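> As given, the protein sequences belong to chains D and W, one line each in that order.
Sequential numbering from 0 applies to the first sequence in numbering that gives the first Met the number 0.
Sequential numbering from 0 applies to the second sequence in numbering that gives the first Met the number 0.
Hints in this document: simulated from the structure, not taken from any laboratory.
Keep in mind the model is a prediction, meaning the values are calculated, not measured.
Honestly, I wouldn't trust all of these hints.
Calculated pairs, DMTMM-like style, for lysine to aspartate or glutamate (alpha carbon to alpha carbon, straight line, at most 25 Å) [claimed, not checked]:
#	chain 1	residue 1	chain 2	residue 2
1	D	K378	W	E230
2	D	K202	D	D176
3	D	K220	D	D176
4	D	K351	W	E354
5	D	K351	D	D385
6	W	K155	D	E330
7	W	K155	D	D388
8	D	K366	W	E230
9	D	K220	D	D385
10	D	K226	D	D257
11	D	K351	W	E29
Between beta-carbon pairs, the in silico distance windows are [unchecked claim]:
#	chain 1	residue 1	chain 2	residue 2	range
12	D	P323	W	I170	35 to 43 Å
13	W	N159	D	K335	56 to 64 Å
14	W	A216	D	R16	42 to 50 Å
15	W	V23	D	G371	23 to 31 Å
Listing some non-contacts, in silico: residues in chain W with all C-beta distances to chain D over 10 Å [unchecked claim]:
#	residue
16	M21
17	V23
18	I170
19	N190
20	A247
21	L253
22	G292
23	D333
C-beta atoms are modelled at their ideal positions from N, C-alpha and C, and glycine is treated no differently.
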Amino acid sequence: MKKQPAIGVETLHMTMRFGNFTALDDVSINITPGSFHALLGENGAGKSTLVKCMMGFYQPTEGQMMVQGHEVSIPDPKAAHAHGLGMVYQHFTLVPSLTAAENLVIAREDAPHRIDWKKERKALDAFMATMPFNVPLDQPVNRLAAGEKQKLELLKQLYLGRHFLILDEPTSVLTPDEATELLGMVRDLTQSGALTCLMITHKFREVTAFADEVSILRRGKHVGGGKVSDLTTDEMAALMIGDKSFARKADRSGVRGDCVLSVQNAVAPDRSGLKSIQIDDLKVAAGEVVGIAGISGNGQMELLETLTGQRPLQSGTVTVKSEPFHATRSEARNQKVRYVPEEPLHNANAPKMSVLNNLMFRNFDNKADGFGLWLNKRKMASRAADLVDAFNVKMASLESPIASLSGGNVQRATLARELSDEVDLLIISNPCFGLDFSAVADIRARIMAARNSGAAVLLISEDLDEILELSDRVLVMSEGRISYETPIETADIGVIGGHMAGHA
Amino acid sequence: MTDAAKTMAGPAPIKGSNSSVMEVWGHKAEAFLLPFGALLAGLAAFSVFLLFVGKSPVEFYSLVYKAGFGTAFSWNNTLSRTAPLLLAALCVAIPARLGLVVIGGEGAIVLGGVAAGAFGMFLPGLPGFMGIVGMFLCGALTGALWIGAVGAMRFKRGVNETISSLLMAYIAIALMNHLVEGPFRDPASLNKPSTAPLGETYRIGNIPGLDVHWGLAIGIIACIAMWVLIERTTWGFAARIVGGNIRAAQVQGLPVGLLMVGFCASAGAFAGIAGMMEVAAVHGTANGSLASGYGYAGILIAFLARHNMIAIIPVGILLAGFEASSGLIQRRMDLPDATILVLQGFVFVAILLSETLTGRFKLFQPHIGDRS
Chain D
0 MKKQPAIGVE
10 TLHMTMRFGN
20 FTALDDVSIN
30 ITPGSFHALL
40 GENGAGKSTL
50 VKCMMGFYQP
60 TEGQMMVQGH
70 EVSIPDPKAA
80 HAHGLGMVYQ
90 HFTLVPSLTA
100 AENLVIARED
110 APHRIDWKKE
120 RKALDAFMAT
130 MPFNVPLDQP
140 VNRLAAGEKQ
150 KLELLKQLYL
160 GRHFLILDEP
170 TSVLTPDEAT
180 ELLGMVRDLT
190 QSGALTCLMI
200 THKFREVTAF
210 ADEVSILRRG
220 KHVGGGKVSD
230 LTTDEMAALM
240 IGDKSFARKA
250 DRSGVRGDCV
260 LSVQNAVAPD
270 RSGLKSIQID
280 DLKVAAGEVV
290 GIAGISGNGQ
300 MELLETLTGQ
310 RPLQSGTVTV
320 KSEPFHATRS
330 EARNQKVRYV
340 PEEPLHNANA
350 PKMSVLNNLM
360 FRNFDNKADG
370 FGLWLNKRKM
380 ASRAADLVDA
390 FNVKMASLES
400 PIASLSGGNV
410 QRATLARELS
420 DEVDLLIISN
430 PCFGLDFSAV
440 ADIRARIMAA
450 RNSGAAVLLI
460 SEDLDEILEL
470 SDRVLVMSEG
480 RISYETPIET
490 ADIGVIGGHM
500 AGHA
Chain W
0 MTDAAKTMAG
10 PAPIKGSNSS
20 VMEVWGHKAE
30 AFLLPFGALL
40 AGLAAFSVFL
50 LFVGKSPVEF
60 YSLVYKAGFG
70 TAFSWNNTLS
80 RTAPLLLAAL
90 CVAIPARLGL
100 VVIGGEGAIV
110 LGGVAAGAFG
120 MFLPGLPGFM
130 GIVGMFLCGA
140 LTGALWIGAV
150 GAMRFKRGVN
160 ETISSLLMAY
170 IAIALMNHLV
180 EGPFRDPASL
190 NKPSTAPLGE
200 TYRIGNIPGL
210 DVHWGLAIGI
220 IACIAMWVLI
230 ERTTWGFAAR
240 IVGGNIRAAQ
250 VQGLPVGLLM
260 VGFCASAGAF
270 AGIAGMMEVA
280 AVHGTANGSL
290 ASGYGYAGIL
300 IAFLARHNMI
310 AIIPVGILLA
320 GFEASSGLIQ
330 RRMDLPDATI
340 LVLQGFVFVA
350 ILLSETLTGR
360 FKLFQPHIGD
370 RS
């Protein structure tokens, strides 16, 4: 590999408008060679727009890009690559069935039609020798752990000769240990002068622990930044959030009641059909939040599906308040059980139907609520309007398709539907995935309010911070089983992380 | 759309405001104008086709008008052909509202007709309306079982309903041929194997004052009834949730399987009734003429009507007019009668293309600018 030093990139007065909406407003950011620069901002602050302009996915309405002090034009991602700019995405872009070596070679723009593997292998080994870390080259990528895949993504960019990397929330699918390791590697590379890095993130811990400099965007504007060492977390949060006020996190109150949900010796096939998930003993009592932590793909989805009746049990029982529970509509209604699956737009709503209709999915046929065989449109409309007010859902009109709402508002609408009326058991999965800061605070407060008024809450989440913030008891799910349990008082991040990674 | 554009919160919601009304009318206008535009585009493309074969599009469309809608006689002809088309279109439109693309209504029509014919043959001489009622139920039940099976296979085993219904239509036609040429054959039917002719009390007559049989009334009533069921009842709403997102329906605990099989069966019942009407009102006996393509024309009508049961009525009449004109076109313009199929093909492709344009026109999206 050519020893090319890290490159610096600067944006000057970058502005991006979509129609009459300004996504990016006069943003000038200087990322000096060899720095590890964090880009902080809520969802929708313009971070993605900015990096997409830098990578040539978008053409900025105004403004210039400077690479190594020279003005350049980046009409498309290829041009960005030619200047040595690369990007690592939140989700993997590797071919799962190919080996790491194959993935690296085919990613090259000059990959030959007929690949001389002996020669390539030699070149790869030489390349790997210059790298501070390693991944197994001969394993198919689908056998690698998430952390190794992300390392391979990083290696791929270096292999392709990129010296300026944009990392888009690179740790969202990693365990805390894996994240620490990956970001440590990136920092070593930047400190050695081989790489400049711009990292999009939501996590202050990553900024303070790894980044040299930070830029903060809010509503498309560059509102501040500087050396990380000069800023406190509170100052960064204040810049990021601005003068918005949040729904304050509800305090814990009430007493733990009787057991509501009980899963005993439940066995169900997993997604692949090759393995099974097995829940020996899971209980959730009234007035408590039981958080199930775990890295995605360890059986959480299957657990949720068995509880929502989408995946039949091979054996074992699910009971709610000591009654057998099969998740039929009448059982869920009588026992006051509610579900909020992850990505509610695609799993709990009909995207093309109106907000109004989506809000009424749970109650449109509820006789106890005064609905009968005939669809009572007037009553539905007034009920939906009340829900929208109570849960502060923002949209153009009740008749807009729910797909036109932002993620936070879709989740607010879903919670409005599921948390209205009395709730005895709430089963909720990754409620804040991909949502912005203020929506997250709002939605977590709603969950806590349900708990404090006596609901049993089963929270399945890949976000450990969320689990630790909300749970009364923390469980870890790994390889289809519940491998660890602790009350929140004695929860320790290191121990939980170890169990999440499956080595503890 | 960028996430930036998504998150900028719009103004607070306004209950039942102008924006709601505009949104509703925007969707309604789009739902009408897109398929209407596609129909015009299809007709225009067909005109080009006519010019290529050296015929005048002007003459063609004026003949269609004359033969389909020009005179009282042509209206009678058109409306007689409308009845089975409406019922066949329902067989497509009802499953479509649950997200299922069922295109094998022809099979249910054919078997419904055979079942009705067999009923009339083996149970002749029932008093009063009993014969007609019996044939009606036989046709409906057979169609319901046939398309209900398509829904059940889809729900239980994940069998693609489009393929299975299409292939089952071929099975149905083969079955019909076997039955009318074998066990159900009237020995007196020599040239064209058929069931025995129906008795006088088993025949369905014309609507008073029209030269159109009662099937038209049945078809229109069926369309209106299904519109009410789908749009105005909680059952229909549940079905639409299934069509909107089957996972959401499951999470809500709705009886997805029951809804799928039930609505597919009702769709099949209407197609079966169409077959029964052909037997009781048109042919007077069940034979190979039952497989005359009404089931396939129904697909085009349902898509043109965007699976709206009320819209099926005018669209069905329009398409029936095209079909009614094929004889005249054949004689006057020296074009084969398959010309109408070419026209239907052009329109269908235009309709499918227009579906991809949904949501692309700002005119119909009053709030695209301030989406929150």
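> Against the structure shown, which of the earlier numbered hints fail to hold, in ascending order?
Structure breaks hints 3, 7, 9, 10, 13, 14, 16, 17, 20, 21.
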